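Colleague: Chains as they are written, first to last, in the working numbering: chain L, 1 to 252; chain Z, 1001 to 1258; chain V, 2001 to 2258; chain H, 3001 to 3213; chain A, 4001 to 4222.
Hints are computed from structural coordinates only; laboratory data are not their basis. Fair warning: this is a prediction, and the values are worked out from it, not measured in the lab. Take the hints with a grain of salt, since some may be wrong.
Distance condition first, Cα-Cα at most 30 Å in a straight line; then the derived DSS-like pairs of lysine-lysine [as the list claims (entries may be wrong)]: (1) A:LYS4058 with A:LYS4141; (2) V:LYS2188 with Z:LYS1030; (3) V:LYS2147 with H:LYS3014; (4) L:LYS37 with L:LYS51; (5) Z:LYS1249 with V:LYS2147; (6) V:LYS2249 with Z:LYS1188.
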Amino acid sequence: TRPASAITTEEIKARGKIIVGIQGDNPPWGFVTSDGKQDGLDADMARLYAKELGVTVEFVPLEVSNRIPALTSGRVDVLFATMAMLPERAKAVQFSKPYVANAIVLIAPKSVEIKTNADMAKVSIGVAKGAAQDTQVTKNAPAGTTIRRYDGDAPSIQALVSGQVQAIGGNIFYLQRVEQARPGEFENKLEFQKLYNGACTRLGEKEVNASLNAFIDKIRANGELKKLYDKWMKVPVHQFPDSLEGIPFSAS
Amino acid sequence: MTTHASIANAATTDPMIVMADVEKWYGGFKALSDINLSVRRGEKIVLCGPSGSGKSTLIRCINHLEAYQKGEIRVGGTRLGDDSRTIDAIRREVGMVFQHFNLFPHMTVLQNCMLAPMRAAKMSRSEAEATARRLLDRVRILEQADKYPAQLSGGQQQRVAIARALCMRPSVMLFDEPTSALDPEMVKEVLDTMIGLAEEGMTMICVTHEMGFARQVADRVIFMAGGTIVEEAPPDAFFTQPRHERTRKFLGEILRPH
Amino acid sequence: MTTHASIANAATTDPMIVMADVEKWYGGFKALSDINLSVRRGEKIVLCGPSGSGKSTLIRCINHLEAYQKGEIRVGGTRLGDDSRTIDAIRREVGMVFQHFNLFPHMTVLQNCMLAPMRAAKMSRSEAEATARRLLDRVRILEQADKYPAQLSGGQQQRVAIARALCMRPSVMLFDEPTSALDPEMVKEVLDTMIGLAEEGMTMICVTHEMGFARQVADRVIFMAGGTIVEEAPPDAFFTQPRHERTRKFLGEILRPH
Amino acid sequence: MGLGEFLFLLTGLKWTVALSAIGFVCGSVGGLAIALLRTSGVRGLERLAAGYIALFQGTPLLMQLFVVYYGLALIGLHLSAWVAVSIGFTLHASAYLGEIWRGSIDAVPRGQTEAASALNLKYTSRMKDVVLPQAIRISLPATIGFLVQLIKGTSLASIVGFTELARAGNIVSNQIFEPLLVFGIVGILYFLMCWPLSLYGSHLENRLAVASR
Amino acid sequence: MNYVLDFTPVLDGLPDLLAGCLGTLLLALGGMAIAIVIGISGVVLRDSRHKPIRWAVKGFVELIRNTPFLVQIYFIYFALPLAGLRLDPTPTAILALGINGGAYAIEIIRGGAQSISRGQVEAGLALGLHKGLVFRLIVLKPALRAVFPSLTSQFILLTLTTSVASAISAYELTSVAQRIESESFRSFEVFGVITLLYLGISWLMMSFFSTISTRYFSYPVK
Ligand SMILES: Nc1ncnc2c1ncn2[C@@H]1O[C@H](COP(=O)(O)OP(=O)(O)OP(=O)(O)O)[C@@H](O)[C@H]1O
Ligand SMILES: Nc1ncnc2c1ncn2[C@@H]1O[C@H](COP(=O)(O)OP(=O)(O)OP(=O)(O)O)[C@@H](O)[C@H]1O
Ligand SMILES: [Mg+2]
Ligand SMILES: [Mg+2]
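Just need the whole structure built from these sequences, with the hints factored in.
Modeller: Below, the structure is given as structure tokens:
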């Protein structure tokens, strides 16, 4: 293994362009609109950051599974790609400070009683494979619980709607989608974890990481982040922790 | 000889094969026209004529390997229609040896011979094998029983084809040039086999240019040219006093040694 | 006759084909043993013998369609090795008519005949077509030029195979039972064609049981049995005073009319 | 689903067509080469071709694309997405087509090659004029079958960043949350792309059948 | 700055991955069994005397061959429950693989059957065998032999297609691998190892088929 294409902010500025890895199909975080434009909270974050550097953005839409390879192999400079900050991930990529929070919940029919993690054993649970809800449900459900892992959000929601599973793990935006298909039947049952998303760079690339952290501090302070929250999350800006166990915000 | 099916048991005064006004077209090419032919039970017919005159086509029509466009063909009193039941029944009684042999490449010689008796005539395996071995021996090829067709010489393949057809104990046999690939020795053995069959009362139509065989065995010789039957006569009359010019020319070539 | 290549121009005293101690096995079966044969330029050889005696195998060895395990074969002075150059050189001079015809089913009769002259001999299309039509006419089949092989009768296919081989204007021809599927009239025409070729000085090895042809054309008759050459002699001697018992038995069948 | 979403699917379709074209062209050329090597009669070449087939038939196309695009980048070889999919599809399609065609070349009766050799036709002409036309007829249904699978397999190119039809469908489905509807339409679009190929296949088959009954 | 390959999470997951291989083999073999049955009976039915049957087979082939497998498996999994038929992921996957592979197999085998000369069929008919028997006893084996490499290729492809079944949470190699990857984020390592595992499974299949081929199709031909 030799160094992948390391990059500095100076080089990005000199190039006049920053290449951002982002999700293409995960509204409202990162998605491509039907006229082909990249949109969502992550996209707006990336654009703000590019403005900060004085460069233009090139988006590379990624799937869940190739986000990290795209970064480590040097295909993109930075990820704004709904990357929940998890200790295991922090061994593969360098997280910035958090810029948005998310929560992982369990959604089930109102008629089913689920009050504790142990109750999950009663139902079969669908999750989007590899997403944070997968990790959380797997971790919290009692051993032996039936967990079915689908390709992405839509199929897992479809599995719930068509009765292939009785419950699903999801994020804060799921219930509203389930409501569209089957109004009034489901509710949020358990909340597992507050998750924070950060931007990612390659391990050891101190400069870009430092610049990202400075940028995030700046938009938190000057109200730009609140504008984004109002536009996409429709909740007040969360309180962000100053540190997370096992996840350094700054490159060493 | 065992006759073991309806056709063979039909009243013996009926003709075995009747072709009436048969006409056969390949697309725009008329391969047979106005074929009228009646073959009695036990009769031996030799069919000859120049290359491309329709001999193969004629015998292929009899067991309905070729559809014909006009006229009627009856075998053992059964009219040959498009109904697959009657066709199957007729084919079980009518054996055929092809000009190109058409052995099954994925079966050994013995398996080639045992297939139809076991599957179509529901013979037991041991009986089928015994029959096959007996007939392979008769055409002097028993020692090749476990070879595959691709491992045989041309003449050996031809003999297997003959044995295979005989294994079904048909009451009618159609031979399409059954000795073409054989050397004279073998020709004699095969013809002897056929003479044996003839003496057992089998009905036979044989496309051949072995005029010795025609003389010795045939009840009638039929000469075809250009898709029609030009002349038919008992062998004596056919060879000594042919009526048509075309026949005479043809016989001229045969009887004059090269 | 046009001789247009190195082999044909070699010193005319050399034998055209030499087989020395050739031995050929199919797996564990010895198909040829101790074959020694020398054919002079322009010589006509008739090869006969019982079915399965190795006749086809022998001539297939000459243009290296079969590999042999022992001995040596020379054609026109070139030793037949595994080197594809020498094999090419030899095949350019050696034409072959197969026992099973092996026509190309996806080409019309005319295309079958024009392919090799255009591709291998680099003849122009018009020249190739003219040659093909001339030779198809010679075997009386020109009117079928636009049909596909599957639409021809057996005899017609055989004639196409002969015409196709002749279109390459080879100096040596190997015939494997070239008249087996033919009626006597056609046999005569094809043999006449072959006699014509013989008179033009072509070297010929012909597997056939047409003894009339052997008498009239052959310089030598070779009799094979069980994979060996049993007897070779000029036709007169061969037919009148065969030396071996096996030959006498074989000839007995031929000469006695059935 | 609105018109906008539908048009978005159509832009995905455009990429799918382009990717399929690459797969067809590169795959056929490579496949023919592999099939000819595999039937060359030269022991070493045949082994080599057999190894190639075993290797690239046996690994998923997705993995091949991943390795070519991300794996090679990891060791410093940055190929563009187009080059990466071209390489990936060529490896994949040539292995499959090579094996399919190898089989049908073997299925042409040996007498045909012998007759061609006896007429002194050289290898090229023997293959081009005699063997391949007959082999094509045997392999046509299998070839068409593989090519339509290749069209559908182009969806894997999304891993190197192409928003082709399947990916576009995914995006739309995650926006409007009607996966059955969206994938139904995507299915129909694939059908409209593949079906003409099937029809062309049967047309070709009929033509070849007329020639050699 | 260095991406350091670290195989420990993958090696720790190796028992799971091997179990995943068994899942893949189960799906593949089950799918192949259904596919070969559909393939052979489809070829027979496609030649049926009854026009509706012929058209049904043709329609089936066109429909299945020309739509994505993912759509088919989603349909069985998500849409059939709406009609009251709810299948678990593994049976769904086997069924979908079988139907999909069957459609391709029909066409492949048909190609082989066409290469059998008419003389073979005629010889069978002339011996009094009816059409079905002629197909079964005379045409089928040489036809399968003629297209066996194509058929093998299709089944290798089917084996690799089992990975799509992870989309509906069937238990097989890819789903296990994705889980390991989502826990460890070691994409390169995981992808590398499962590529080798798939290669191993494919080779197993290939040698299985080549054994069949030498056992049943080794008769000599001209
Ligand atoms: N499928 C076909 N399409 C068109 N013409 C055909 C077809 N089959 C045969 N023919 C033509 O029909 C005629 C009769 O053919 P047939 O095979 O019956 O001849 P034959 O008398 O058996 O000749 P041979 O002694 O050479 O075998 C020939 O002129 C042949 O060209
Ligand atoms: N591929 C093969 N494998 C095994 N044995 C074979 C093979 N090809 C031919 N033979 C055997 O070799 C012997 C010679 O065959 P060949 O074809 O040369 O005979 P032939 O003299 O031409 O006979 P015919 O006059 O019947 O054509 C035969 O006994 C045959 O069974
Ligand atoms: Mg005929
Ligand atoms: Mg021979």
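Colleague: So, for every hint listed, does it hold in this structure?
Modeller: Hint-by-hint comparison with the structure:
{"no.": "1", "hint": "A:LYS4058 with A:LYS4141", "in the structure": "holds, 23 Å"}
{"no.": "2", "hint": "V:LYS2188 with Z:LYS1030", "in the structure": "holds, 26 Å"}
{"no.": "3", "hint": "V:LYS2147 with H:LYS3014", "in the structure": "violated, 45 Å"}
{"no.": "4", "hint": "L:LYS37 with L:LYS51", "in the structure": "holds, 18 Å"}
{"no.": "5", "hint": "Z:LYS1249 with V:LYS2147", "in the structure": "holds, 28 Å"}
{"no.": "6", "hint": "V:LYS2249 with Z:LYS1188", "in the structure": "holds, 12 Å"}
Checked against the numbered hints listed earlier, the structure breaks hint 3 alone; every other hint is satisfied.
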